[in-house]
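Visitor: Okay, so the sequence shown: first residue is 8 according to the numbering used here, each after it adds one.
Treat each hint with caution, since some may be false.
What the hints assert, rightly or not - The calculated lysine to aspartate or glutamate pairs, modelled on EDC-like cross-linking and capped at a C-alpha distance of 20 Å, are: (1) 59 x 89; (2) 128 x 43; (3) 50 x 97; (4) 59 x 82; (5) 61 x 43; (6) 111 x 63; (7) 61 x 89; (8) 111 x 97; (9) 50 x 107; (10) 61 x 107; (11) 59 x 76; (12) 128 x 82; (13) 128 x 55; (14) 61 x 73; (15) 59 x 43; (16) 59 x 73; (17) 128 x 97; (18) 111 x 55; (19) 111 x 82; (20) 50 x 73; (21) 128 x 175.
Note that these hints are calculated values from the structure, not bench results.
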Amino acid sequence: VDLGGFLGTTPGSKAKGTAAPSSEAHALPAGKLFPDTPYNLAKLRSMDADVKLKVEHFNATAVPLEDMDAHLLLDAGVLRLDPLNFGVADGTVRSTIRMDAREKVMATQSRIQARGLNLSKLIPSAKFGKSTIGRVGGDFSLHGSGNSIAAMMGNSNGDAGIGMGTGEVSKLLMKLAGLDLGGVAKVLVTGDEQIPIRCGMGDFSVHDGIM
């Protein structure tokens, strides 16, 4: 709740598992993942700050966050989060983010490294979580511009890589992920099974918000 301002929500408002509360002006647009509430650039330019925050444990969050180590620096309209590190699903996410609010449209740069995230904890459904085994990681390097998180992601450029080691994934979950409705129906009739995975890798180029 206290960090909501960094995600474009109203500070102090309670977000129910999303980046913005659904009952206020800062709500996520229907069917959207990222909030489109613009940052107040004048406020970012009007003060300087140097804030360090360390959190040892999170209670009742929709995402399986475990701890956090953050250092926020705001200097003459340039905001840096260096680092912004989380413990997530038994793994780690380490990142550095730079947002330049000196112009009319903010320029952003981000580098994110994820390691050892437990698939069973990342998947919210208890049914899938119990039957999914493995760990994933990735590296993301993105830059873009925009005055809201949605705008930044919508025209971002860079690279993203995702990898997985040995594990098992529910066949039904794989069909759902690929929107294979015919395959989903067949699995529901014949029964689910586990698909063994030796390893997996995806390497993406990001251009104008398309990965």
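Visitor: State for each hint whether it applies.
Guide: A quick look at each hint next to the structure:
| no. | hint | in the structure |
| --- | --- | --- |
| 1 | 59 x 89 | 10 Å, holds |
| 2 | 128 x 43 | 28 Å, violated |
| 3 | 50 x 97 | 36 Å, violated |
| 4 | 59 x 82 | 15 Å, holds |
| 5 | 61 x 43 | 28 Å, violated |
| 6 | 111 x 63 | 37 Å, violated |
| 7 | 61 x 89 | 13 Å, holds |
| 8 | 111 x 97 | 40 Å, violated |
| 9 | 50 x 107 | 13 Å, holds |
| 10 | 61 x 107 | 24 Å, violated |
| 11 | 59 x 76 | 8 Å, holds |
| 12 | 128 x 82 | 37 Å, violated |
| 13 | 128 x 55 | 38 Å, violated |
| 14 | 61 x 73 | 11 Å, holds |
| 15 | 59 x 43 | 27 Å, violated |
| 16 | 59 x 73 | 17 Å, holds |
| 17 | 128 x 97 | 8 Å, holds |
| 18 | 111 x 55 | 19 Å, holds |
| 19 | 111 x 82 | 17 Å, holds |
| 20 | 50 x 73 | 31 Å, violated |
| 21 | 128 x 175 | 14 Å, holds |
Hint check: violations occur at hints 2, 3, 5, 6, 8, 10, 12, 13, 15 and 20; the rest are consistent with the structure.
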